[in-house]
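Start from the sequences and build out the full structure, keeping to the hints where you can.
Protein sequences appear in the order of chains A and B. According to the numbering used here, the residues represented by the first sequence are 587 to 671, in order. According to the numbering used here, the residues represented by the second sequence are 190 to 583, in order.
None of these hints come from the bench; they were simulated from the model. Treat the hints with care, as some may be off.
Stated by the list, open to error - Distance ranges between label pairs, derived from CB positions:
#, chain 1, residue 1, chain 2, residue 2, range
1, A, A660, B, A567, 46 to 52 Å
2, A, N602, B, A543, 43 to 49 Å
3, B, S446, A, I590, 53 to 59 Å
4, A, P650, B, H564, 40 to 46 Å
5, B, E443, A, E598, 45 to 51 Å
6, A, S611, B, S446, 50 to 56 Å
7, B, S446, A, A660, 49 to 55 Å
8, B, K441, A, D648, 52 to 58 Å
Given the structure is predicted, the values throughout are model-derived calculations rather than measurements. C-beta: ideal position from N, C-alpha, C; glycine also.
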Amino acid sequence: MNDIDIRKVVQEELNNIAPEVDMASVDPAADLRETLDIDSMDFLNFVTAIHHRLGVEIPEIDYPKLVTLDGAVAYIAAHLGSSKN
Amino acid sequence: MPSLGADMEAGTLVEWLVKAGDRVKRGDVVAVVETQKGAIEIEIFEAGKIEQLLVDLNTKVPVGTPLARIQTELEGPPGAVAAAPPPAVPAAPLAAPPLVRAPVAPPSPPPVAPGAEARARISPAARRLAEAHGIDLSTVTGSGPAGAITYADVERRFGEITAPSEKKRALGLDLDAMRTAIAAAMARSKREIPHYYLEHQVDVTACEQWLTRTNAARPPDDRLLIGALAIKSVALAARRFPAFNGFYRDGKFEPASAVHIGVAIAIRGGGLAAPALHEADRITVDELMARMRDLVQRTRAGRIRSSEISDPTITVTSLGERGVETLYGIIYPPQVAIVGFGKIVTRPWVIDGAIGPRSVVTITLSADHRVSDGHAGALFLAEIGRLLQEPDKL
Numbered sequence: 587m588n589d590i591d592i593r594k595v596v597q598e599e600l601n602n603i604a605p606e607v608d609m610a611s612v613d614p615a616a617d618l619r620e621t622l623d624i625d626s627m628d629f630l631n632f633v634t635a636i637h638h639r640l641g642v643e644i645p646e647i648d649y650p651k652l653v654t655l656d657g658a659v660a661y662i663a664a665h666l667g668s669s670k671n
Numbered sequence: 190m191p192s193l194g195a196d197m198e199a200g201t202l203v204e205w206l207v208k209a210g211d212r213v214k215r216g217d218v219v220a221v222v223e224t225q226k227g228a229i230e231i232e233i234f235e236a237g238k239i240e241q242l243l244v245d246l247n248t249k250v251p252v253g254t255p256l257a258r259i260q261t262e263l264e265g266p267p268g269a270v271a272a273a274p275p276p277a278v279p280a281a282p283l284a285a286p287p288l289v290r291a292p293v294a295p296p297s298p299p300p301v302a303p304g305a306e307a308r309a310r311i312s313p314a315a316r317r318l319a320e321a322h323g324i325d326l327s328t329v330t331g332s333g334p335a336g337a338i339t340y341a342d343v344e345r346r347f348g349e350i351t352a353p354s355e356k357k358r359a360l361g362l363d364l365d366a367m368r369t370a371i372a373a374a375m376a377r378s379k380r381e382i383p384h385y386y387l388e389h390q391v392d393v394t395a396c397e398q399w400l401t402r403t404n405a406a407r408p409p410d411d412r413l414l415i416g417a418l419a420i421k422s423v424a425l426a427a428r429r430f431p432a433f434n435g436f437y438r439d440g441k442f443e444p445a446s447a448v449h450i451g452v453a454i455a456i457r458g459g460g461l462a463a464p465a466l467h468e469a470d471r472i473t474v475d476e477l478m479a480r481m482r483d484l485v486q487r488t489r490a491g492r493i494r495s496s497e498i499s500d501p502t503i504t505v506t507s508l509g510e511r512g513v514e515t516l517y518g519i520i521y522p523p524q525v526a527i528v529g530f531g532k533i534v535t536r537p538w539v540i541d542g543a544i545g546p547r548s549v550v551t552i553t554l555s556a557d558h559r560v561s562d563g564h565a566g567a568l569f570l571a572e573i574g575r576l577l578q579e580p581d582k583l
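Structure (structure tokens):
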């Protein structure tokens, strides 16, 4: 799975939370919590969905690394396959 | 047709999940009703066998109209049962069909309320798809027989909504109607309830540390949020302070025997609902968290159950991590209290004579002066703060 595929999955899952947002227009370096108006429950659901789809288990301590679209893609790419799951 | 809020006068039956002859038990979802608050799943409050469905699909009927006749397990002759307890509906054997008493419902042909004729038919699959994607059915053009909305129509509409050029609006809930319902409830509250307000700053560092430790070993599915601890602490405190848990009706306060926390949930695009998390004082924090996730998800998808609308005995509202430090809640009538949690902030705090950084949250109480006074409110609020010092015991 390459970065483009990962980005697609991330965008899909974020769109499930914020269906009205055009993900293509989201600044990949912007804070997703602000840009998409997502709360802690939304973010937990996002992390859960990524775990289910890609097997990457994101510990809470790493949440700050995933607050931007670019950050999330980079984090998942780095941990894909190396996860225990 | 159950009353799903003080301001509700009528509802439209949009889906039957049972048919004549089906056996049902208490709590089963038997129908879906569309109201100002969105689609509500109607639960049945009697066990037995469905004798007859009395209201046709897509029919708008006033609150109190029996929706179905059910033969209960104890009695032989069928009784008329509305699928909710609050509105008084004859439980006696059915002599005169209650439908006759309903002003808009002639005995036959099937009653049709004004406006219902204009409502397009929709296939169950299409409705489910629309709900799954939060599509407002009034925005879907039907291409089926007699303008019926098909699965393909909903798919097409979903494509339009998600297209970049579409405006920001993608929920199945009618947010304008929801705003009207909120306005009616809040205006009534401000008109009738003499509020008093208290606030209390609480060190929740212990909660944060406990959550960090607990969640570190858990997969995302099982992780907890601090909101679950907040709800549990309020539920336990409400059990000890019954003057904040119940309903003010007909000029007097009725304390509730159970604690059902209304969880204020923000809806994208500008809406708010506070459905009940039942018996929050009696379940573990893990169970509470799982139920809260389910409740938030269903509420945002527009699938609240009837009991969740009518049951809350006290409300908890939380601004989350990006809001402000303090909020002053407005009581949702006929409840008598609402507890608000602001954003958690790091503040200098004195512990054992030394100053250090701690995570602090401002908790507020808005309560009904007809039922309690500031003194009792202060003890209630302090109890919540005390409970939050020992998160492992919640």
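- Task: With 43 to 49 Å as the target window, see if N602 (chain A) and A543 (chain B) comply at their CB atoms.
- Result: The hint (43 to 49 Å, Cβ to Cβ) holds, given that N602 (chain A) and A543 (chain B) are roughly 47 Å apart.
- Message: Can you tell me whether the CB distance of P650 (chain A) to H564 (chain B) sits inside 40 to 46 Å?
- Response: holds, 43 Å
- Message: For the hint 45 to 51 Å, verify it against the beta carbon of E443 (chain B) and that of E598 (chain A).
- Response: With Cβ atoms ~48 Å apart, the hint holds.
- Query: Do S446 (chain B) and A660 (chain A) keep their Cβ atoms within the hinted range of 49 to 55 Å?
  - Reply: 53 Å Cβ-Cβ, so the 49 to 55 Å window holds.
- Query: Does the hinted range 46 to 52 Å hold for A660 (chain A) and A567 (chain B) at CB?
  - Reply: holds, 50 Å
- For S611 (chain A) and S446 (chain B), compare the CB-CB distance with the range 50 to 56 Å and indicate the outcome. Hint holds: Cβ distance 52 Å, inside 50 to 56 Å.
- Check the following: the C-beta atoms of S446 (chain B) and I590 (chain A) are separated by a distance inside 53 to 59 Å. holds, 57 Å
- Query: Within 52 to 58 Å or not, the Cβ separation of K441 (chain B) and D648 (chain A)?
  - Reply: Between K441 (chain B) and D648 (chain A), where Cβ atoms are some 54 Å apart, the hint holds.
Hint compliance for this structure: every hint is met.
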